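Enquirer: Now for the letters of each chain:
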Amino acid sequence: MLKNLSLTFAKIVGFLVPSLVGVTFFFAIIGVFGLGIAVAGLLLAVIGAVVLVRRVPAEGDAR
Amino acid sequence: MDMPLLCAGFAALSVTFYVLLDGFDLGVGALLLLQPHEKSRDHMVDSITPTWDGNETWLIMTGVTLLAAFPIAYGILMPALYIPIVVMLLALGLRGVSFEFRSQMKFYRRRWDVIFAVGSIVAACMQGLILGALLQGISVQGITFSGNVLDCFRPFSVLCALCVLAGYVVLGGCWLQFKATAQLHGFSGRTLRLALPLFMLFFFAVGRMSLFVQPGILAAWQNHPVLLGTLSCIVLLAAFILFGSIGKRPDVRPLIAGLVMIAAGIGGLAILVFPTIVPFRISIWDASSSRLSQIFLLTGAIVVTPVVLGYSFFAYWVFRGKTPEKGWGGYE
Amino acid sequence: MSLNPATLARVQFAFTVSFHIIFPTMSIGLAMFLAVIEGLWLKTRDGLYLEIYRFWLSIFAMGFGVGVVTGIVLSFEFGLGFAKFAQLAGPAIGPMIALEVLTSFFLEAGFLGIMLFGMHRVGPKLHFFATCMVALGTLLSASWILSANSWMQTPDGVAVHDGRLVVINWWHVVNNPSWLVRLPHMLSAAYLTASFLVAGVGAWYLLQGKHLAFAKKSVALGTAFATVLIAGQVFIGDILYGTMLKHQPSKMQAAEGFWEKSASPAPYYWVILPDQKEQRNRFALGVPYLGSIWLMHSLHGRVEGLKSTPAEQQPIMGMVFYGFRIMYGIAILMFAVATASLWLRWKRRLFTTRWFLRCLVTMTPSGIVATLGGWYLAETGRQPWVIFGMLRTIDAVSPVPAQTLLATLIAFVCIYAFFMTAFLIFVARVIRRGPESASIHAEASGSLKNALRPQVLDRANANAVVGR
Chain A
1 MLKNLSLTFA KIVGFLVPSL VGVTFFFAII GVFGLGIAVA GLLLAVIGAV VLVRRVPAEG
61 DAR
Chain B
1 MDMPLLCAGF AALSVTFYVL LDGFDLGVGA LLLLQPHEKS RDHMVDSITP TWDGNETWLI
61 MTGVTLLAAF PIAYGILMPA LYIPIVVMLL ALGLRGVSFE FRSQMKFYRR RWDVIFAVGS
121 IVAACMQGLI LGALLQGISV QGITFSGNVL DCFRPFSVLC ALCVLAGYVV LGGCWLQFKA
181 TAQLHGFSGR TLRLALPLFM LFFFAVGRMS LFVQPGILAA WQNHPVLLGT LSCIVLLAAF
241 ILFGSIGKRP DVRPLIAGLV MIAAGIGGLA ILVFPTIVPF RISIWDASSS RLSQIFLLTG
301 AIVVTPVVLG YSFFAYWVFR GKTPEKGWGG YE
Chain C
1 MSLNPATLAR VQFAFTVSFH IIFPTMSIGL AMFLAVIEGL WLKTRDGLYL EIYRFWLSIF
61 AMGFGVGVVT GIVLSFEFGL GFAKFAQLAG PAIGPMIALE VLTSFFLEAG FLGIMLFGMH
121 RVGPKLHFFA TCMVALGTLL SASWILSANS WMQTPDGVAV HDGRLVVINW WHVVNNPSWL
181 VRLPHMLSAA YLTASFLVAG VGAWYLLQGK HLAFAKKSVA LGTAFATVLI AGQVFIGDIL
241 YGTMLKHQPS KMQAAEGFWE KSASPAPYYW VILPDQKEQR NRFALGVPYL GSIWLMHSLH
301 GRVEGLKSTP AEQQPIMGMV FYGFRIMYGI AILMFAVATA SLWLRWKRRL FTTRWFLRCL
361 VTMTPSGIVA TLGGWYLAET GRQPWVIFGM LRTIDAVSPV PAQTLLATLI AFVCIYAFFM
421 TAFLIFVARV IRRGPESASI HAEASGSLKN ALRPQVLDRA NANAVVGR
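Chains as they are written, first to last, in the working numbering: chain A, 1 to 63; chain B, 1 to 332; chain C, 1 to 468.
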C-alpha cells in the first residue's frame with residue numbers, strides 16, 4: 001500500500017511541478033509582474049527550452 | 001513629370017503582358033475540349049504547365065495598379081463589371097487548382113480536363129465581355145457607378161466575348177504549333193486554319209459595330225486616322241503572315257505573328273480610349289490617386305519589373321523547343 | 001439574415017477572407033519549416049530529413065495553390081464589395097499591395113518551380129536557395145499585406161483633401177503604429193500552425209505504430225519549435241494588447257466582455273451572453289480576480305467597459321469577445337502542451353506517453369483555429385469602421401444590388417467548398433500513404449515546375465550533359 005501511495009504521490013508531483021512552473025512562466029511572460037520580469041521570463045523560457053531540447057534526447061534511442 | 005500618364009503606361013504594359021501570356025494558356029485550355037486523345041491532352045497541358053503561374057500574376061498586377069494609381073476608376077469599374085469579374089475569378093480559380101489536382105488524381109483526369117477547359121473558356125469569354133462593356137460605356141454619376149449590374153450583358157459585349165475567345169484560341173493554336181510534336185502539331189494547324197478566319201470575322205464585326213454603339217470610338221477614328229489605320233494594317237498583315245506560316249518551318253513564326261497581331265489590337269484599343277481610364281467617361285488625371293502614391297508605385301515598378309521580366313524570360317528560355325511527349329516526369 | 005446589400009457584402013468578404021487566411025497561414029509556416037528541414041539535411045546528410053521534406057512539400061504545394069487562387073479573388077473584392085473604400089483607401093493601401101505583388105508573388109512563382117522539381121536538377125545548394133527564397137517570399141507577402149491591414153486599423157501618414165486621401169508621409173503609412181507588433185504576431189502564428197501540424201501528424205503515426213523514425217523526429221521537431229514560439233507569441237500578444245488598448249480602445253473593451261467599467265477586483269470572463277441592444281450581459285461566467293491580474297497587472301485594477309465608447313461606434317461584443325477567447329484559449333492550451341512536452345522530454349517519455357500523443361493529434365489544426373479567432377477579433381473589433389476613425393463599413397459598400405451579392409456569395413461558398421474538399425481528400429491520401437512514398441518531385445502545382453533546370457528536355461541529352 002505504501003508503494004501505491006508513493007506511486008500516486010509521484011504522479012501528483014509529476015503533474016503539479018510542471019503545472020506550477022508553467023503557470024508561473026505564463027504569468028511572468030504576459031507581463032503580470034511587469035515588463036522587466038516578462039522579458040526575463042521570456043528569455044529564460046526560450047533559453048531553457050533550447051538547452052533542454054539540444055542536451056536531452058527525447059528517449060533512450062535518440063535519433 | 002506626368003505621373004498619371006506614366007502610371008497609365010504601366011497599367012497598359014501590365015494588361016498587355018497578361019493578355020499575351022495568359023492568352024495562349026487560356027487558348028490551349030479551351031482547345032482541350034476539341035482533343036479526343038488523352039495523351040495529346042496531357043501533352044497540351046504539359047506545354048503550358050511550366051509558366052502559367054507567373055502569367056496569371058500579371059492579372060493581379062493590373063488590378064492592383066488600378067487600385068493604387070487610379071482608385072476612382074477601380075471603384076467604378078469593379079461594381080460595374082461585378083458579375084463578369086466574379087465569374088472570371090471563379091473560372092480562373094477552377095482552372096488553377098485543376099492544374100494540380102489533375103496530376104494528383106489520375107483517376108479523374110478526364111473530369112479535371114473538362115473543368116480545366118470550361119474554366120479557360122468561361123474566363124476568356126468573361127474577359128471579352130468586360131472589354132465590350134468597357135467600350136460600350138459604363139454609366140457613371142460623379143465618381144460612382146450608376147448603372148445596372150446587368151448592363152454589361154448586351155449584344156456588343158457578347159460579340160466581344162466571342163472575339164476574345166477566338167483570339168485566345170488562335171494564340172493557343174500558335175503556341176501548340178511551336179511546342180507540340182506529331183499528332184498535336186497537325187491538330188493545332190487544323191484548328192488555326194479555322195480559328196484565325198473566325199477571329200478576323202469577329203474582329204471586323206466588333207470594329208464595325210463599335211462605331212455604332214460608342215460615339216467616342218467614331219471620334220477617336222476621326223482624331224487619329226493614321227495611327228489607327230496603321231495599327232489595323234499591322235493586324236491584317238500579321239494575320240496573313242500567320243495564316244501563311246501554319247504548318248511550315250520555322251514553327252515559331254505563327255506565334256510571333258499571333259503575338260504581334262494581338263499586341264497591335266491592344267495598342268489600337270489603348271488609342272481609342274486615351275486619355276480616359278473609365279473609357280469615354282473619366283480621364284486618367286481625374287481618376288488619379290495622390291502624387292506620392294503614384295511615385296511609390298512607379299518606383300517599385302521600375303526597379304522590380306526588369307527583374308521579374310528577367311527570370312520570366314529565362315523560364316521560357318529553359319523550356320525552349322518542343323515539349324517532350326512524355327511530359328515533365330523525371331525520375332520515377 | 002436580411003437581404004441587405006451591406007450585410008451581404010460583409011458576409012461575402014468575411015467568408016472569402018476567412019477561407020483564404022487558412023492557406024497562407026499554412027504556407028508561411030510550412031515554407032519556413034521546409035527551409036529549416038532542408039538546411040538540416042544539408043548539414044547532417046541524414047536521409048530522414050529529406051523524407052520529411054518531401055512529405056510536407058506536396059502538402060505545401062497544394063495549399064499554396066489554393067491560397068493563390070483565393071488570394072486573387074480578394075485583390076478584386078475590395079472593389080467588388082466595397083468600392084467606396086477602394087476609392088478612398090486606394091492611395092494608401094494600393095501601392096503597398098502592388099509592391100506585394102511585385103516583390104513577393106513573382107518571387108514565389110519564380111522559385112516554387114525549382115523547389116518542387118529541381119531537387120536532382122540544380123544541385124542541393126541552389127535548391128536550398130530556392131526553398132529559402134519561397135520562404136522569404138511568403139514572409140515579404142505577409143509583411144506588406146499586414147502593413148496594409150494595420151494601416152486600416154491604425155491609419156497614419158495621410159490627410160484628406162476634397163474627400164480624397166492624400167499621402168503625406170510614406171514611412172508613416174507603411175510603418176503605422178500597429179504594424180511592427182502585428183507582424184511578428186502573425187508570423188509566429190503561422191510558424192506555430194506549422195509546428196502543430198507537423199507534431200500532430202507525427203503523433204498520429206506514433207499512435208498507429210507506423211513510420212516510427214519519421215514520427216519521432218516530427219514530434220520532437222514540432223514540439224521543440226512550438227515551445228520556443230509559444231513563449232514568444234504570448235509575450236508579443238501582451239504587447240499587442242497594450243498597443244491596441246491605446247489606439248483602438250473600443251476593440252479591447254468589447255474583447256473583455258465588460259459593459260460598465262468593472263468593479264475592483266475584476267473577474268476574467270470566459271463565457272458571456274451579451275445583449276448589444278440593452279448594453280448588458282444576460283449571463284457571464286468568469287474567474288474572479290483574474291481580470292485585474294491579467295489585464296491590469298494588479299490585484300485591484302478596473303477594466304474599461306464598452307459603454308465608454310458611444311453606442312454608434314461600438315463593435316459587436318459577442319464576435320469580438322469570442323474571437324479573442326478562442327485565440328487566447330488555444331494559446332493557453334499550446335503553452336500547456338509545450339510545457340508538458342518539455343517535462344516529458346526531460347523524463348525521456350515524449351514518444352511513449354499516449355495521452356500526450358492523443359493531445360498532439362487533437363491539437364493538429366489548433367494554429368489554424370487560433371489564427372481565425374485572432375483575425376475575427378481584429379476585424380470585427382475594428383467595426384463599425386473599415387478605416388478606423390475615418391470610414392464606416394456601411395458607408396463603403398458598392399452600389400450592387402442584394403440579389404447579385406447573394407448569388408455570388410452562394411457561388412463562392414459552393415466552389416470554395418469544392419476546393420476544400422479536394423484539398424482535404426488529397427492531404428488525407430498523403431498522410432495515409434505515409435512518408436516513404438512521397439513522390440520525389442511533388443507533382444502538385446503547375447508553376448515553374450522545371451524552371452532553371454540546367455539539363456534540356458531530351459533525356460539522352462540530359463544524361464550526357466550531367467554525367468552523374
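Certain hints may be false.
[Said to hold, decoys possible] Derived DMTMM-like pairs: lysine to aspartate or glutamate, alpha-carbon spacing no greater than 25 Å straight-line: (1) C:Lys84 - B:Asp286; (2) B:Lys106 - C:Asp46; (3) B:Lys106 - C:Glu436; (4) C:Lys84 - B:Asp151; (5) B:Lys248 - B:Glu325.
Please keep in mind that the hints were generated in silico from the structure rather than gathered at the bench.
The structure presented is a predicted model; accordingly, all values stated were derived computationally and were not measured.
Enquirer: For every hint, state whether the structure bears it out.
Expert: Here is how each hint holds up against the structure:
no.	hint	result
1	C:Lys84 - B:Asp286	holds (16 Å)
2	B:Lys106 - C:Asp46	violated (32 Å)
3	B:Lys106 - C:Glu436	holds (20 Å)
4	C:Lys84 - B:Asp151	holds (20 Å)
5	B:Lys248 - B:Glu325	holds (20 Å)
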